[in-house]
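Novice: Chain B: place on chain A using the hints.
Number of protein chains: 2
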Amino acid sequence: MELFDKNILFLIDKELNRYLEGEGTIYKASRHLLLAGGKRIRPYLTILTYMLKRDDIEEVLPAALAVELIHNYTLIHDDIMDNDDRRRGIPTVHIVYGKPMAILAGDLLYAKAFVAVSDIRDPEKAHEVLKVLSKSCVDVCVGQAMDMEFEKREDITMEEYLEMISKKTGALLVTSVEIGAIMGECSSEEREALREYAKRIGLAFQIQDDILDLVGNKNKIGKPIGSDIREGKKTLIVIHALQHLPEDKKKRLLDILGKRDAEDEEIKEAIEILKDSIEFAKEMVKKYITESKEYLKIFDKKRRKKLEDIADFIMERVY
Amino acid sequence: MELFDKNILFLIDKELNRYLEGEGTIYKASRHLLLAGGKRIRPYLTILTYMLKRDDIEEVLPAALAVELIHNYTLIHDDIMDNDDRRRGIPTVHIVYGKPMAILAGDLLYAKAFVAVSDIRDPEKAHEVLKVLSKSCVDVCVGQAMDMEFEKREDITMEEYLEMISKKTGALLVTSVEIGAIMGECSSEEREALREYAKRIGLAFQIQDDILDLVGNKNKIGKPIGSDIREGKKTLIVIHALQHLPEDKKKRLLDILGKRDAEDEEIKEAIEILKDSIEFAKEMVKKYITESKEYLKIFDKKRRKKLEDIADFIMERVY
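Residue numbers (my numbering), protein chains in the order written: chain A, 11 to 329; chain B, 11 to 329.
Next up, chain A with everything else stripped away, as it sits in the complex:
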């Protein structure tokens, strides 16, 4: 059986299209990235979480779309801030439409996300969803700001790194399941368990990304191996290495880190130096995934199955 349910994905895409119908360049620019694909993991999580308790997918759909719209607005704005040229295999929005229109396209998706929240039928549920989604938008901004400031610093601690990714990428994943829990009328203990589940798959997801950059298949991940090293990113793996390597290896790693024109041989050398830290990261992913599934145990075995599968997918994925 497929990990992602095609019927649900079809429904998500159909409704996303409906929210972004409109004329003019601004609507075209807003659809550019959304229609280029993406795994839709966030709205999918919202729907699966909802289905732990309830089956009326139409009820949860606007809430699920809201998180996907927010996710896509952040991608468009992040690409402008980071000057990234490509995403999902196509040129980024600001490359095609220019920066002013890209800022505006992101702002429109932002607005449409809250239109989607307002389309939730039950006012009490809409109010609760609004609370968690708006707070999570604050976190995402603060996380992105931390990420931008970390680039200028050498001394990022593991705790700072984990705080940054828990805000920048974790917050919206946690919100995705929390919104599903609200819509599905979960108890406060169930909601808390789902938050813990999502926190861990969020961390595991990001760390797995960092691992794949070093040991993945470049055709599957869609970018050259070691891009993060050439960009000088302080990933969890690099932070761990800088704290544990002997002086000579640490010095050599710092030589290569951030060297945009590094030879493939140098990248290989850096990966060799990082070997133990990559193992450490793999262990962390395993630990987070195991723990995440523990938190699901309070739910019905059949209904929780797909959420467990998502956790396993995150660890096993190669792209």
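Errors might be hidden in some of the hints.
Identical chains blur together in the list; that is why a pair holds if it fits in one copy or across any two.
In silico EDC-like links for lysine to aspartate or glutamate, alpha-carbon gap of 20 Å or less [what the hints assert, rightly or not]:
{"no.": "1", "residue 1": "141", "residue 2": "31"}
{"no.": "2", "residue 1": "38", "residue 2": "149"}
{"no.": "3", "residue 1": "228", "residue 2": "276"}
{"no.": "4", "residue 1": "145", "residue 2": "33"}
{"no.": "5", "residue 1": "162", "residue 2": "33"}
{"no.": "6", "residue 1": "145", "residue 2": "31"}
{"no.": "7", "residue 1": "141", "residue 2": "265"}
{"no.": "8", "residue 1": "243", "residue 2": "69"}
{"no.": "9", "residue 1": "145", "residue 2": "25"}
{"no.": "10", "residue 1": "141", "residue 2": "25"}
{"no.": "11", "residue 1": "243", "residue 2": "279"}
{"no.": "12", "residue 1": "243", "residue 2": "129"}
{"no.": "13", "residue 1": "278", "residue 2": "68"}
{"no.": "14", "residue 1": "38", "residue 2": "159"}
{"no.": "15", "residue 1": "38", "residue 2": "157"}
{"no.": "16", "residue 1": "259", "residue 2": "173"}
{"no.": "17", "residue 1": "292", "residue 2": "92"}
{"no.": "18", "residue 1": "109", "residue 2": "161"}
{"no.": "19", "residue 1": "109", "residue 2": "92"}
{"no.": "20", "residue 1": "261", "residue 2": "274"}
{"no.": "21", "residue 1": "311", "residue 2": "271"}
{"no.": "22", "residue 1": "141", "residue 2": "304"}
{"no.": "23", "residue 1": "297", "residue 2": "169"}
{"no.": "24", "residue 1": "109", "residue 2": "94"}
{"no.": "25", "residue 1": "269", "residue 2": "319"}
What the hints contain is simulated information worked out from the structure, not anything from laboratory work.
Specialist: Chain B alone, transformed into the frame defined by chain A:
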């Protein structure tokens, strides 16, 4: 008596400060423009409208702040898109903090606006406010996109111009009073009357801005006379002139329009050519303001007084 009630303005600023407490550059950047001033006309309208029917200011405050936060996010992003260096007498956010941080500061204000909506106590009111505010955010984006596209076109009609400003600047003003009406539990007729009032003061406000650029006091409006002419803006006055001037004067106007290094003598000449159109614009402002006050007549005479004063202020203001 003062047009703006100092106690209400104090309350607005106190609460805005509270919403934007936080550490790091992103919070500093978010506060930069907000703390530099601004007339707070939108939250003030929300509160005055609410007070047509109810007196519990604390209840309406989060809703009022939401519109001011949205307004300020749009100013920050617009200044980036339009490459404007100064606003409210100080350098714009992207000049001080760089474009990436300015995009993010705007995004944070956007998020905080919806946090404010979620702080509305009554879920039904919060839900209604969310509906109108999120739709109005869509309009503001579409209006800004129209404005950007109009710059490249020569043949803007009066109707297109009015549609653009009704979205770009009118939508949020209409929303400000509509939110006050929701919070104050106005009937649907009262709400409709308030929408009509706000539409007209929004149009009058924008047209008065365009008039002041040509015949205002440069010290009071804070920029040189005729800036719009040097920038080649297609204001209502210019559109009217291009439709009514004899060929030779029209040609001369088009020569000067958009000439960044135009001499003061040329600006004077353009203003002389625009004389009849300026009169036409002044008549429109007068008409909109008179009509706007007509719509208030269904409300208690004493309670509507300040809303009438705001309408008069918009016509009489010289800055």
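Novice: Taking the hints in turn, state whether each one holds.
Specialist: To see whether the hints hold, each was checked on the structure:
no.: 1; hint: 141 with 31; verdict: between (27 Å within a copy, 18 Å between copies)
no.: 2; hint: 38 with 149; verdict: between (28 Å within a copy, 16 Å between copies)
no.: 3; hint: 228 with 276; verdict: within (17 Å within a copy, 62 Å between copies)
no.: 4; hint: 145 with 33; verdict: between (31 Å within a copy, 16 Å between copies)
no.: 5; hint: 162 with 33; verdict: between (41 Å within a copy, 18 Å between copies)
no.: 6; hint: 145 with 31; verdict: between (27 Å within a copy, 14 Å between copies)
no.: 7; hint: 141 with 265; verdict: neither (46 Å within a copy, 54 Å between copies)
no.: 8; hint: 243 with 69; verdict: neither (41 Å within a copy, 46 Å between copies)
no.: 9; hint: 145 with 25; verdict: between (24 Å within a copy, 17 Å between copies)
no.: 10; hint: 141 with 25; verdict: between (23 Å within a copy, 18 Å between copies)
no.: 11; hint: 243 with 279; verdict: within (17 Å within a copy, 58 Å between copies)
no.: 12; hint: 243 with 129; verdict: neither (40 Å within a copy, 38 Å between copies)
no.: 13; hint: 278 with 68; verdict: neither (50 Å within a copy, 62 Å between copies)
no.: 14; hint: 38 with 159; verdict: between (32 Å within a copy, 14 Å between copies)
no.: 15; hint: 38 with 157; verdict: between (29 Å within a copy, 17 Å between copies)
no.: 16; hint: 259 with 173; verdict: neither (27 Å within a copy, 64 Å between copies)
no.: 17; hint: 292 with 92; verdict: neither (27 Å within a copy, 47 Å between copies)
no.: 18; hint: 109 with 161; verdict: between (22 Å within a copy, 16 Å between copies)
no.: 19; hint: 109 with 92; verdict: both (12 Å within a copy, 11 Å between copies)
no.: 20; hint: 261 with 274; verdict: within (19 Å within a copy, 63 Å between copies)
no.: 21; hint: 311 with 271; verdict: neither (51 Å within a copy, 74 Å between copies)
no.: 22; hint: 141 with 304; verdict: neither (27 Å within a copy, 39 Å between copies)
no.: 23; hint: 297 with 169; verdict: within (17 Å within a copy, 62 Å between copies)
no.: 24; hint: 109 with 94; verdict: both (12 Å within a copy, 15 Å between copies)
no.: 25; hint: 269 with 319; verdict: neither (38 Å within a copy, 64 Å between copies)
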